[in-house]
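Trainee: So you can see what is in the structure, the chains are spelled out below.
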Amino acid sequence: MIRDARMVVIAALLVFLALLPVYVMAGGNQFPLILFTRIVILALAATSLNLILGYGGMVSFGHAVYLGIGGYVVGILAKEGINAGGVQWPLALAVSALFALIIGALSLRTRGVYFIMITLAFAQMLYYVAASLDRYGADDGLTINRRSQFGLINLSNKIVFYYLCLALLLLVIFLVARLVNSRFGMVIRGAQSNERRMRAIGFPIFRYRLVCFVIAGTLCGLAGVLLANHTDFVSPAMMHWTRSGDLIVMVVLGGMGSTFGPLIGAVALLVLEEALSGITEYWQIILGPLLLLIVLFARGGIVGLLRPRHA
Amino acid sequence: MLYFIEQCLNGLQVGMLLFLLAAGLTLIFGIMNLVNLAHGSLYMLGAYFAATFAAWTGSFLAAIVLTIAATLLVGMLLEIVAMRRLYGRDHLDHVLGTFGLILFFNEAVRLIWGPAGLNLALPAWLSSWIEIIPDVFYPVYRLSIIVVALAVAGFLYVLVMRTRIGMLIRAGASDREMVGALGVNIKLLSTLIFGIGAALAGLAGLMQAPILTAQIGMGENILIVTFVVIIIGGIGSIRGAFIASIFVGLTDTIGRAFLPDLLKMVLSQAAASTAGPALSSMLIYLVMAVILIVRPEGLFPASGR
Chain A
38 MIRDARMVVI
48 AALLVFLALL
58 PVYVMAGGNQ
68 FPLILFTRIV
78 ILALAATSLN
88 LILGYGGMVS
98 FGHAVYLGIG
108 GYVVGILAKE
118 GINAGGVQWP
128 LALAVSALFA
138 LIIGALSLRT
148 RGVYFIMITL
158 AFAQMLYYVA
168 ASLDRYGADD
178 GLTINRRSQF
188 GLINLSNKIV
198 FYYLCLALLL
208 LVIFLVARLV
218 NSRFGMVIRG
228 AQSNERRMRA
238 IGFPIFRYRL
248 VCFVIAGTLC
258 GLAGVLLANH
268 TDFVSPAMMH
278 WTRSGDLIVM
288 VVLGGMGSTF
298 GPLIGAVALL
308 VLEEALSGIT
318 EYWQIILGPL
328 LLLIVLFARG
338 GIVGLLRPRH
348 A
Chain B
297 MLYFIEQCLN
307 GLQVGMLLFL
317 LAAGLTLIFG
327 IMNLVNLAHG
337 SLYMLGAYFA
347 ATFAAWTGSF
357 LAAIVLTIAA
367 TLLVGMLLEI
377 VAMRRLYGRD
387 HLDHVLGTFG
397 LILFFNEAVR
407 LIWGPAGLNL
417 ALPAWLSSWI
427 EIIPDVFYPV
437 YRLSIIVVAL
447 AVAGFLYVLV
457 MRTRIGMLIR
467 AGASDREMVG
477 ALGVNIKLLS
487 TLIFGIGAAL
497 AGLAGLMQAP
507 ILTAQIGMGE
517 NILIVTFVVI
527 IIGGIGSIRG
537 AFIASIFVGL
547 TDTIGRAFLP
557 DLLKMVLSQA
567 AASTAGPALS
577 SMLIYLVMAV
587 ILIVRPEGLF
597 PASGR
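Chains as they are written, first to last, in my numbering: chain A, 38 to 348; chain B, 297 to 601.
These are computed hints drawn from the structure, not numbers from a lab. Small disclaimer: the values here were computed from a predicted structure and weren't measured. Fair warning: there could be bad hints in the mix.
Covered stretches of chain A, as calculated for chain B (at least 3 residues, CB under 8 Å) [unchecked claim]:
{"no.": "1", "stretch": "56 to 64"}
{"no.": "2", "stretch": "192 to 202"}
Just so you have them, the derived chain A footprint on chain B, three or more residues with Cβ under 8 Å [said to hold, decoys possible]:
{"no.": "3", "stretch": "376 to 389"}
{"no.": "4", "stretch": "519 to 530"}
The beta-carbon is built from N, C-alpha and C at its ideal position, and this holds for glycine as well.
Taking the hints into account, I'd like the entire structure generated from these sequences.
Mentor: In structure tokens, the structure reads:
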């Protein structure tokens with residue numbers, strides 16, 4: 038049953054994403070596939086951010102750091118000659134989770150603007166650490182010569198890799214949707230709307246938030262693993278603070294606290310970037326004020342605009 | 297030992313620059329409750345303005361005056377056009393809106409001045425060295441940065457604690473709406489405060505320009521360190537910003553100067569040369585983490601917030 042414009046847009050988007058490789062296989066241009074692989078991966082990262090930002094009200098301005106951590110684990114292992122995906126991927130997720138646990142345990146002691154600043158500061162710290170790893174390319178980054186090896190699945194095949202990313206994205210969207218509607222998710226959302234009351238009822242809010250923060254960091258680490266395999270390259274730029282800003286923009290642009298919002302936001306932002314950079318070299322001079330206007334006038338994001346008026 | 301004194305002075309100088317930024321940022325946050333990520337862009341503009349005005353007029357002093365005036369105006373204009381619409385919104389909106397402004401300013405600078413950095417040459421009377429204690433020479437320019445910033449700190453103290461405008465600023469920080477209801481033109485006051493904050497950032501940028509070159513993105517690197525200062529010092533507190541700035545400046549500079557050598561005593565040569573730079577760039581963040589564990593509100597939290 039089609040209830041409103043949101044479902045039409047989401048359905049159309051999913052069909053488009055599913056059929057994109059068919060266009061490429063039919064002899065079309067390769068470029069859209071590369072662009073959309075990237076979009077799908079960053080949409081996964083944005084979906085993980087939405088879990089803490091949209092549902093938990095935790096404005097993390099350092100979420101891209103887990104992209105970097107996930108990516109660097111793959112890159113460093115590949116450099117040391119370990120290419121097995123069965124080793125690389127679980128280890129990358131575990132390391133991302135560990136860092137999210139440490140950063141979260143420290144950052145979640147603070148509130149509001151302190152939280153924004155401290156997550157940014159920790160991300161910047163790890164950025165400098167990555168930039169000082171001389172053995173692994175330092176500032177210049179590290180080229181990955183062989184993608185993760187998975188026996189039958191060949192990640193070097195662009196179409197296979199795209200479908201793997203898309204499948205993982207849909208899985209993560211599904212998991213996050215299940216999570217926020219579970220008892221755990223209700224506690225997280227309750228703490229966002231009234232922390233004091235949730236505490237009074239007796240929920241250990243800090244622990245719930247920390248678990249949520251670690252889940253989000255781990256999922257973003259997965260996006261980092263995919264991104265490293267996509268570009269065959271990792272560099273400190275993966276966790277630059279502007280990347281964290283981009284992820285927030287995707288979430289807010291698409292619609293905070295909505296299931297498909299981050300995906301829509303990622304598609305909208307990256308396609309817009311692509312279009313603007315085709316018009317002028319100085320495209321950020323248009324994008325910057327546009328962001329300000331979105332903040333001022335379109336608070337609910339694209340999903341909010343599509344929502345029926347009476348609802 | 298002499299090297300140590302020199303590094304302490306360098307740390308103090310870095311700290312004083314951080315203070316100029318942190319003071320503006322914390323003042324704006326204290327009164328308008330606004331998180332301004334674009335504060336670093338004003339610092340960058342200060343550096344570019346200074347280099348440009350110095351080239352036009354041929355005088356360093358004229359460049360200083362013009363730069364402060366220009367950043368004051370840009371700040372006030374920015375407040376009227378954009379910032380004032382963000383008051384009363386939540387912090388996420390501030391972050392996003394001012395993130396957009398950073399993209400705008402960085403790109404505008406690239407459009408106007410080109411992607412290469414700008415140099416600002418010091419006049420002869422500032423590029424000499426002075427003997428501060430017997431046999432220790434220190435650049436006059438770095439010393440004058442410390443003096444100027446201390447003078448600004450004194451000026452801010454008098455302005456905030458001893459004048460009528462300062463009284464209104466303090467009143468605005470504790471209850472913005474009530475001050476407005478009492479007939480004070482709070483809009484004008486906000487524009488003025490934002491302008492002062494911008495001029496302080498511009499001053500910091502102009503003083504930094506001769507040491508480093510004016511570069512795109514210079515504002516964001518120092519902005520994040522300024523955040524560390526504010527987290528340690530406590531938001532909204534100028535006194536906290538002052539002490540934390542010096543602390544962070546000293547920690548960072550001395551850490552970078554001595555930590556790699558200290559590590560060599562403990563670790564092997566190879567391990568130390570790898571871990572040294574990484575650890576010294578992490579140092580201020582580690583200190584911040586420790587302080588947060590002990591005092592989540594910072595060392596000198598402004599009361600009532």
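Trainee: Hint numbers the structure violates, sorted upward?
Mentor: As far as the earlier hints go, 1 and 2 are violated by this structure, in ascending order.
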